[in-house]
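Now for the letters of each chain:
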Amino acid sequence: MKKNTHPLISFTPETHQHAVDGGLAAIQGMVRACMQCGTCTASCPNAFAMDLAPRQMWRLLLFGLQQEVLESRTFWLCSSCYSCTLRCPRGLPLTAAMAALKRLAGAEGDHANRKKALFYQEFMRNVEQNGRVQEMGFMCHYFLAMRDPLLPLEYTPLGLKLLGKGKLHLGGSAQRGRLGPLFAKVRSMEGAS
Amino acid sequence: MRYAYYPGCSLEASAEEYDISTRRVLNRLGVELSEIADWTCCGASAVEPVSRLLTLALPARNLALAERDAAGLDMLVPCSACYLNHLRVSRECAADRTLPGRINEALGAEGLSYAGKIRVRHLLDVLAKDIGPEAVAAQVSHRLEGLVVAPYYGCQALRPFALFDDPEHPRSMDALISALGATVLGWDMGGRCCGASLMATRRDVALVSVAAILEAAAGADVIVTVCPMCQMNLEAYQSQAHHANTISVLYLPQLLGLAFGLSDGQTLLDKNLAVTDALKSKLRACEAARI
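Going line by line, the protein sequences match chains A and B. Everything in the first sequence is counted per this note's numbering, starting at 1 for the first residue and increasing by one. Everything in the second sequence is counted per this note's numbering, starting at 194 for the first residue and increasing by one.
I should point out that these hints are in silico values taken from the structure, not numbers from a laboratory. Errors might be hidden in some of the hints.
[What the hints assert, rightly or not] Some chain B residues well away from chain A (every beta-carbon gap over 12 Å; in silico):
no.	residue
1	C202
2	D267
3	A299
4	I324
5	R336
6	A437
7	A471
[Claimed, not checked] Per the computed footprint, the stretches of chain A lying under chain B, defined by three or more beta-carbons under 8 Å from a beta-carbon of chain B, are:
no.	stretch
8	33-41
9	154-162
[As the list claims (entries may be wrong)] FRET-style restraints, in silico, Cβ to Cβ:
no.	chain 1	residue 1	chain 2	residue 2	range
10	B	E205	A	P89	22 to 30 Å
11	A	P152	B	A404	22 to 30 Å
12	B	S306	A	G38	38 to 46 Å
13	A	A145	B	E303	39 to 47 Å
14	B	A471	A	A145	40 to 48 Å
15	A	D110	B	E303	34 to 42 Å
16	A	A42	B	T376	50 to 58 Å
Since this is a predicted model, take the numbers as computed values, not measurements. Glycine included, C-beta positions come from ideal geometry on N, C-alpha and C.
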């Protein structure tokens, strides 16, 4: 008998305990009422660059196909324009679901997914340390975290423009450390939930 | 008129011309701003992909400070990402009754609490609705006759919460621009996404949006924006978007300031990355023609 290598598609996927606010099950809950009309796909300014159209991705998600969804680049291409959220005839929080997938992929995804999450994580690390984000410090740490020597070159034209305008400077330090207690508290609350 | 003011991180750095021109123009319009002391970052568009609770707790911290120190005032926010982050705290608390408790548990780490009383207002909302085009027109000394302006709204001032404009066909800037004597470019790209932080993570994709917006604005002398990220994406990457002719991009309050007779220096015009000589000479012509 030929072994079936694909998992059976389940319409009532198991709910797993995940570290990230309910994980897949919570995101499925956000799009449960999707009726596959495709308004989200038609409204998305970045759909042309996606491998799965948003409509298709919601379907795979509801099938419980976490790996297929996390292997897709679709949710990383969401620029939070909220066009789909505004227009969804079911009133689903689709932009929030895209962000939740970024959280899930950053926490539970493979190496490639974790690398894509670094931009957001480095930004928040800078906020945690400085209270107000320090644009230049953030970009420097982002370059280091990405370990890509060519990446800073992409920013050279912009960096020179900003330098010429006197806009590249170290920010103030009055709020440094201010957000430490709040970040720590949120970490403990999210770890416990 | 008085507002609690939340400038946000960009307005202290790469968007300082937005901060300064906002303060000067509102001052001329008789608006008093009381900056929230000790405000911190709202998390911008980076926090939601990192932590759900922090997405609400970071802006709630600023709202709690404003409620404590500027009770009764609306909070005015010029940056669209900061605006949406602060606005959605009350919206999400209304939808999920467990959230206020969780947010306040987090804020308790600093002895703060958020009551949900403060209203969050975008700068454009305040200019269009509270101040209005008549009061703006009354301050105009240099009518911008003949100047064609493309109003660019971006996303997060309009969506997902349509509080002061039509999110599909935004018009709130039209009357303000007309009040300056300028002409509004008729176009349908005002609410099209600029790519936002994809400019950092997937520049090739963001440039497609920027190119489409710049191309549609070709008939305008200047694009005006109400968000530092939109401004940066539209002004800094024009050559990379293969846009042949540079098009000027200003913040809306800079344009207001110029019509009010503020100098290039007072509106920090030299800080913008895309201001053409053609725009400057048109502005000089408006100055020379002033009554």
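Hint-by-hint comparison with the structure:
{"no.": "1", "hint": "C202", "in the structure": "violated (4 Å)"}
{"no.": "2", "hint": "D267", "in the structure": "holds (22 Å)"}
{"no.": "3", "hint": "A299", "in the structure": "violated (5 Å)"}
{"no.": "4", "hint": "I324", "in the structure": "holds (26 Å)"}
{"no.": "5", "hint": "R336", "in the structure": "holds (29 Å)"}
{"no.": "6", "hint": "A437", "in the structure": "holds (17 Å)"}
{"no.": "7", "hint": "A471", "in the structure": "holds (20 Å)"}
{"no.": "8", "hint": "33-41", "in the structure": "violated (count 0)"}
{"no.": "9", "hint": "154-162", "in the structure": "holds (count 5)"}
{"no.": "10", "hint": "B/E205 <-> A/P89: 22 to 30 Å", "in the structure": "violated (41 Å)"}
{"no.": "11", "hint": "A/P152 <-> B/A404: 22 to 30 Å", "in the structure": "holds (24 Å)"}
{"no.": "12", "hint": "B/S306 <-> A/G38: 38 to 46 Å", "in the structure": "holds (44 Å)"}
{"no.": "13", "hint": "A/A145 <-> B/E303: 39 to 47 Å", "in the structure": "violated (28 Å)"}
{"no.": "14", "hint": "B/A471 <-> A/A145: 40 to 48 Å", "in the structure": "holds (42 Å)"}
{"no.": "15", "hint": "A/D110 <-> B/E303: 34 to 42 Å", "in the structure": "holds (37 Å)"}
{"no.": "16", "hint": "A/A42 <-> B/T376: 50 to 58 Å", "in the structure": "violated (32 Å)"}
In terms of the numbered hints stated before, the structure departs from hints 1, 3, 8, 10, 13, 16, listed from lowest to highest.
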